[in-house]
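Student: Going down the list, the sequences are from chains A and B. Each residue of the first sequence is one higher than the last, beginning at 1 in my numbering. Each residue of the second sequence is one higher than the last, beginning at 1 in my numbering.
No lab work stands behind these hints, which were simulated from the structure alone. We treat Cβ as the ideally placed atom computed from N, Cα and C, and that holds for glycine.
Label pairs and their calculated CB-CB ranges:
| hint | chain 1 | residue 1 | chain 2 | residue 2 | range |
| --- | --- | --- | --- | --- | --- |
| 1 | B | 160 | A | 94 | 39 to 45 Å |
| 2 | A | 109 | B | 297 | 33 to 39 Å |
| 3 | A | 128 | B | 144 | 34 to 40 Å |
| 4 | B | 186 | A | 128 | 41 to 47 Å |
Stretches of chain A that chain B covers, calculated by requiring three or more beta carbons in the stretch to come under 8 Å of a beta carbon on chain B:
| hint | stretch |
| --- | --- |
| 5 | 30-40 |
| 6 | 63-77 |
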Amino acid sequence: MNIPAGLKYTKDHEWTKTSGNRVTVGITAFAVEQLGDITLVNLDVKVGDDIAAGKAFGTIESVKTLSDLFAPVSGKIVEINKDLDAKPELVNEDCYDKGWMVVIEATEARATDQLLDEAAYAEVVKNAAH
Amino acid sequence: MTEAALRRTSLYERHVAAGARMVPFTGFEMPVQYTGIVDEHQAVRTAAGLFDVSHMGELEMRGEYAAQVVDYLITNDASKLVDGQALYTACCNEQGTILDDLIVYRAAQDRWLIVCNASNHAKMKAVFEKAAKDHCEFADRTDATALIALQGPKAFEILALAGGDAAKLATLKSFHFRDAVVANVKCTVARTGYTGEDGVEIFCAWNDAPALWDQLLELGKPLGLKPAGLGARDTLRLESRLSLYGNDIDETTNPIEAGLGWVVKMDKPMFVGKAALEKVKAAPLPRKLVGFEVNGRGIARHGYPLRDLDGNEVGICTSGSPGPTVGKNIGLGYLPAALTAIGTKFFVDCRGKNIEAVVVKTPFYKRA
Numbered sequence: 001m002n003i004p005a006g007l008k009y010t011k012d013h014e015w016t017k018t019s020g021n022r023v024t025v026g027i028t029a030f031a032v033e034q035l036g037d038i039t040l041v042n043l044d045v046k047v048g049d050d051i052a053a054g055k056a057f058g059t060i061e062s063v064k065t066l067s068d069l070f071a072p073v074s075g076k077i078v079e080i081n082k083d084l085d086a087k088p089e090l091v092n093e094d095c096y097d098k099g100w101m102v103v104i105e106a107t108e109a110r111a112t113d114q115l116l117d118e119a120a121y122a123e124v125v126k127n128a129a130h
Numbered sequence: 001m002t003e004a005a006l007r008r009t010s011l012y013e014r015h016v017a018a019g020a021r022m023v024p025f026t027g028f029e030m031p032v033q034y035t036g037i038v039d040e041h042q043a044v045r046t047a048a049g050l051f052d053v054s055h056m057g058e059l060e061m062r063g064e065y066a067a068q069v070v071d072y073l074i075t076n077d078a079s080k081l082v083d084g085q086a087l088y089t090a091c092c093n094e095q096g097t098i099l100d101d102l103i104v105y106r107a108a109q110d111r112w113l114i115v116c117n118a119s120n121h122a123k124m125k126a127v128f129e130k131a132a133k134d135h136c137e138f139a140d141r142t143d144a145t146a147l148i149a150l151q152g153p154k155a156f157e158i159l160a161l162a163g164g165d166a167a168k169l170a171t172l173k174s175f176h177f178r179d180a181v182v183a184n185v186k187c188t189v190a191r192t193g194y195t196g197e198d199g200v201e202i203f204c205a206w207n208d209a210p211a212l213w214d215q216l217l218e219l220g221k222p223l224g225l226k227p228a229g230l231g232a233r234d235t236l237r238l239e240s241r242l243s244l245y246g247n248d249i250d251e252t253t254n255p256i257e258a259g260l261g262w263v264v265k266m267d268k269p270m271f272v273g274k275a276a277l278e279k280v281k282a283a284p285l286p287r288k289l290v291g292f293e294v295n296g297r298g299i300a301r302h303g304y305p306l307r308d309l310d311g312n313e314v315g316i317c318t319s320g321s322p323g324p325t326v327g328k329n330i331g332l333g334y335l336p337a338a339l340t341a342i343g344t345k346f347f348v349d350c351r352g353k354n355i356e357a358v359v360v361k362t363p364f365y366k367r368a
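If we strip away everything but chain A, and leave its shape as in the complex, we get (with noise of 0.2 Å):
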């Protein structure tokens, strides 16, 4: 399973990738696998909104079943991949880039200090796979 080096996970399966306070929000390798083909990602924010860590962002869907987007932060939505509109696939092939979702600015700094790092999400996700 591809847990990069550098990111912030949560126990929801999003990666986040800090720069500054910008914080780079999506999904990671064992969640589109639990996902299977992903048909359809809807952010329900625009940039400006803002969103406290833990409430919903967006759901993404695949053939099968929904998932909701958590925010993992707090802060204000400042872009959103629009890419992902006509081409949900991008989750599916390239999750931890060109399938990213939405950069938050944190208005807390080091927000994502206390979220997992690469080690405790790989204890995470070795415990949903039983």
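Once you've looked at the hints, dock chain B against the given chain A.
Tutor: Here is chain B on its own, set in the frame of chain A:
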């Protein structure tokens, strides 16, 4: 259901070795997908897919009066069948609602096989066993019988490679079956399926299934055969508008409103539910199961409310998913008769969002 209580088919190890994701399904651990639902779906539409459906129930009725008992329990007309012929039917209760949908096989006038849904196995076993009492012999063959479906445009080409009685099987007509040796395994082969494609369903002894599975896969691989899971089975059947028990039909729905009037033969002298269904047919239908396409950005799912364009809740979605071959998000649902004309627009309430959908002709997909 706890994990410990789950049963496995004789192909379980094959599925795991092939990398399938196993899920609990009607008491069995079954493969939902191997390579991916869309990939497996396309394989069945363009080449062939191999499905383990050993979880299905197989009930046997034998004896001089077996034909009459079976015919009495089902809405379709079993008296018209000849040896080696099968039919699709509903099985109703006295209220005229659906206990299960079945395929009934006439092996001989005094020997019948009934294939029921795994989810209804215990219920149908009770129904047939009770009806058989004092009239004919009943046996539950489920535990001894494996069932493998080989479906797709290349199905018969693959079967031909399996030797044995393959040549004889080439002439098998739709909804007919015969005993045959396939890949050195004694089987009963029926030209039936649940995908909208040509193909067969192969019954064999529980422990013979792995050998048959392995050989069919090996022979079929060069022709594009892939193992296919429950996920693809669901999208394939939905595109072909084949009902799924527990989704589109159940004990709260009758076959007329479900669009299964064609398997209800009111000219039969008697069958369970006939009186109730006569009443249903005499009055205008309050609601009907229709097919729809979602126009907006949304995927309809089982249980989502359907709303009229004023936002009033008027119906329910019973099945929905992307249709990989039709290239649209499709679904089935019950709507009031006034909203069932082709082209009628309405909303699917996708978790609080009203997404526009339109009633369309079904099946969504029909093979050329």
